[in-house]
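Number of protein chains: 2
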Amino acid sequence: MSEAPRRGPASDATPPKPPIRDSLVAAAFQLFLEHGYEQTTVDDIVTLAGVGRRSFFRYFPSKEDVVFPDHERCLADMTEFLSSGTDEDDPVERVCDAARLVLRMYAENPTFSVQRYRLTRKVPGLRAYELSVVWRYERALAEYLRVRFAGRRDGTLHADVIAAAVVAAHNNGLRSWLRSDGQGDAAAAVDHALGHVRDTFGAKGAGIAAPAQEEPEDVVVVISKRGTPMWRVVREIESTLRQD
Amino acid sequence: MSEAPRRGPASDATPPKPPIRDSLVAAAFQLFLEHGYEQTTVDDIVTLAGVGRRSFFRYFPSKEDVVFPDHERCLADMTEFLSSGTDEDDPVERVCDAARLVLRMYAENPTFSVQRYRLTRKVPGLRAYELSVVWRYERALAEYLRVRFAGRRDGTLHADVIAAAVVAAHNNGLRSWLRSDGQGDAAAAVDHALGHVRDTFGAKGAGIAAPAQEEPEDVVVVISKRGTPMWRVVREIESTLRQD
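Protein sequences appear in the order of chains P and D.
Using the numbering used here, you'd call the opening residue of the first sequence number 1 and step up by one each time.
Using the numbering used here, you'd call the opening residue of the second sequence number 245 and step up by one each time.
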C-alpha cells in the first residue's frame with residue numbers, strides 16, 4: 001500500500017494522521033449527534049471543520065462516505081492480506097483472519113464505532129451504504145476462496161457459502177459487542193463466532209481424534225446415533241478432539 | 245394474505261393481474277432497455293403507460309421499486325410460509341424451502357428476470373436496492389431460525405450463519421441460471437446449491453449410516469484420516485449413507 005493507514009477520529013495511538021480528513025470526520029459526527037444525520041449538510045460540516053467544500057470532496061465522495069471513513073483502507077488491507085497468502089494456508093483460516101482485519105478497524109475506536117452503529121440503525125440510507133460495504137468484503141473473501149477451490153467440484157458454490165458464513169459470523173460477534181456499547185472483548189466475541197464457522201467448514205482446528213489400531217496419528221473413529229443432525233456430529237468430533 | 249399474488253409483466257398464466265401496475269412495469273422496462281435506467285424518468289414511464297404520475301406512486305414508492313415489483317409479495321409469502329411451520333419441521337429444510345419461494349418468483353418469468361439481472365449489474369443504485377432486498381430475505385430466514393434454535397447454545401449465531409449460507413447458495417444457483425440467459429433448469433440449479441448447505445448443516449438428509457454391533461438402526465461408525473478437513477468428513481459420512 002502506498003500510504004500510511006488512516007485511523008478514525010479519536011484514535012490516540014500510532015501514526016501521524018492527516019489532520020483535515022480527521023477533523024472533517026470529527027466535525028461530521030459532532031453535528032450528526034447534535035442535529036441528526038439528515039439535518040446536517042456538507043456545508044455545516046466544512047464550516048465547523050474550518051475548511052472549504054472542495055477539501056471535503058477531496059476526501060469523501062459524499063456525505064455518506066464520511067460516516068465510514070476507514071472501509072476503503074480496510075478493504076485494501078483485506079485484499080492485500082488475501083493476495084499475499086500461500087497455497088500452504090488453510091483457506092478457511094485465511095478468510096477468518098481476513099475478517100479479523102475488519103473487526104480490528106472497529107475495535108480501534110470503540111466510541112466512534114458505537115456512535116456509528118446507532119446512527120446506521122436510524123438512517124436507512126446509511127444502512128444501505130453499509131450493506132454495500134459488507135457485500136464488498138464478502139466478495140473479496142469469496143473471490144479468494146474461488147481461486148483456492150478452483151480445482152474442486154462446486155468450488156464457487158463452496159466459496160460463496162463459506163464467505164457468507166464468515167461474514168455472518170463476524171457480524172454476529174461484532175454486533176453483540178456494539179450492542180454492549182463497546183464494553184467487553186470484541187476480539188473474543190468475533191473469535192468465538194469465527195470458531196463456529198471454522199468448525200463447520202473444516203480447517204486445521206477440526207483435525208479430529210480418538211483411538212485406532214494401527215496408526216493412532218492417522219485415524220479417528222466417531223460413533224454417533226443414527227439420525228443425529230450433521231452439526232451435532234461435527235460438534236461431537238470436535239469435543240472428542242478437545243479431550244485429546 | 246389479503247390479496248391475490250401479483251405477477252411480473254409478461255407472465256401469461258394464473259390469476260387476474262392489476263392492469264395498471266403491470267402496464268407500468270412493462271412501460272418502465274421498455275424504456276430502461278431502450279434509453280437506459282438513469283435516462284428514463286417517472287414522467288416518461290407514465291406517459292408510455294398512459295396513466296398519471298399519481299398512479300405510478302400509488303403502486304411504487306420510487307423508480308427503483310418498479311424494477312423489483314414482486315419482492316414485497318415474495319417477502320410476505322416467505323414470512324407467511326415460515327410462520328405457518330410446526331416444530332416438527334426440520335429448521336434447515338424449512339429455510340431452504342422458503343428460499344425456493346424467491347427462486348420461483350424469478351423462474352416465473354425468465355425473460356423479465358434476465359433483463360433485470362443485466363440492468364441491475366449496470367446501475368449501482370439498483371445493485372444497492374437489491375442488496376437491501378436480499379438482506380431482508382436473510383433477516384426473515386435468520387429470525388425464523390433464531391426462534392427454532394432459541395434453546396441451544398450459540399443459537400443466534402448458528403441461525404445467522406445458516407441464513408447467510410442459504411442465501412449465498414440460493415443466489416449462486418440463481419445467478420448461474422440468470423447468466424445462462426434463463427436457459428436450463430433454474431430449480432435444479434438452486435436445489436443443487438441448497439443441497440450443499442443442507443448437507444453441511446445437517447437435516448434429515450444427513451442421517452448417517454454404517455455397521456454397528458448392537459443396534460444397527462441407531463449407531464454409525466465413521467473412520468477418517470486425522471487432519472481431514474471437516475467438509476471432507478461430512479462428505480464421507482454422506483457418501484456412506486448413500487451406499488446404504
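Read the hints as simulated data drawn from the structure, not as lab findings.
Each residue gets a CB set at the ideal place from its N, CA and C atoms; glycine is no exception.
Heads up, some of the hints might be wrong.
[Said to hold, decoys possible] The list that follows gives simulated cross-link-like pairs (lysine-lysine, DSS-like), each with its CA atoms no further than 30 Å apart:
id, chain 1, residue 1, chain 2, residue 2
1, D, K366, P, K63
2, P, K122, D, K307
3, D, K307, P, K63
4, P, K63, P, K122
5, D, K366, D, K307
6, P, K122, D, K366
[What the hints assert, rightly or not] Listed next, the stretches of chain P that the computed footprint assigns to chain D, with coverage defined by at least 3 CB atoms under 8 Å from CB atoms of chain D:
id, region
7, 74-86
8, 130-140
9, 156-162
**Message:** Tell me if the straight-line CA distance from P:K122 to D:K366 falls inside 30 Å.
**Reply:** With a Cα-Cα distance of about 29 Å, the restraint between P:K122 and D:K366 holds, given a limit of 30 Å.
**Request:** Would you check the hint for D:K366 and D:K307, treating anything up to 30 Å between C-alpha atoms as holding?
**Result:** 16 Å, holds
**Item:** Claimed coverage, the region 156-162 of chain P by chain D - three or more beta carbons nearer than 8 Å
**Value:** It holds: at least three residues are needed, and the region 156-162 of chain P offers 5 whose Cβ sits within less than 8 Å of chain D.
**30 Å limit on alpha-carbon distance, applied to hinted pair P:K122 and D:K307** = 23 Å, holds
**Item:** D:K366 paired with P:K63 [C-alpha distance capped at 30 Å]
**Value:** With Cα atoms ~23 Å apart, D:K366 and P:K63 stay inside 30 Å; holds.
**Request:** Quickly compare the C-alpha distance for P:K63 and P:K122 to 30 Å and report which way the hint goes.
**Result:** At roughly 16 Å apart (the allowed maximum being 30 Å), P:K122 and P:K63 satisfy the hint.
**Prompt:** the region 74-86 of chain P covered by chain D? Criterion: 3 or more residues, Cβ-Cβ distance below 8 Å.
**Reply:** Three-residue rule not met by the region 74-86 of chain P, so violated; n is 0.
**Prompt:** Given the hinted pair D:K307 and P:K63, is their alpha-carbon gap at most 30 Å?
**Reply:** Roughly 22 Å between the alpha carbons, so the hint for D:K307 and P:K63 holds.
**Prompt:** Against chain D, does the region 130-140 of chain P show at least 3 residues with beta-carbon separation below 8 Å?
**Reply:** holds (count 3)
Going down the numbered hints, you'll see the structure goes against just number 7.
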